[in-house]
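Trainee: In my numbering, the protein residues as written are 2 to 110.
Please note that a few of the clues may not be correct.
[Unchecked claim] Below, in silico cross-link-like pairs of lysine-lysine (DSS-like), each with a Cα-Cα straight-line distance of 30 Å or less:
#1 Lys21 <-> Lys88
#2 Lys38 <-> Lys50
#3 Lys38 <-> Lys21
What the hints contain is simulated information worked out from the structure, not anything from laboratory work. Predicted model only: the values in this text are computed from it and were never measured.
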Amino acid sequence: LEWGMPRDQNCLNETQPISKEGYWGSGSDPRMMNVLKGAIRNLKRRGLKVQMLNITQLTEYRKDAHPSIYRRQWVPLTKEQLANPLKYADCTHWCLPGVPDVWNELLYA
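Put together the whole structure using the sequences plus the hints.
Mentor: Here is the structure:
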């Protein structure tokens, strides 16, 4: 995987962010981010007060910031599946705390 673990392992128990300088991750497209930055610059030149918080890039530094079971499963997980975190990990930690909580903290700040 791009964050240094073998393919057969997942993000279970990962607690440290990716620290590689300049890391973009597979979920971010630098070209798209540059297009957005250009659009914001143009709006500012016109006198509009615009700010952007790039939560996509921010989230890429978290090894557990992918939807995992919430993208793959279309039915609720069974008790057996929930008991197997190596295969069915709650990667974004919708159960708290996790990526959505970071977004909320930033938005409410």
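Trainee: Does each hint hold? Answer for all of them.
Mentor: Hints, one by one, checked against the model:
Distance restraint check for lysine 21 and lysine 88: the Cα-Cα separation of roughly 26 Å lies within the 30 Å cut-off, and the hinted pair is therefore satisfied. Note on lysine 38 and lysine 50: the hinted pairing holds, with a Cα-Cα distance of about 14 Å set against a maximum of 30 Å. Under the criterion of a C-alpha separation no larger than 30 Å, the hint pairing lysine 38 with lysine 21 is consistent with the structure, at around 23 Å.
Going through the hint list in order, the structure satisfies each hint without exception.
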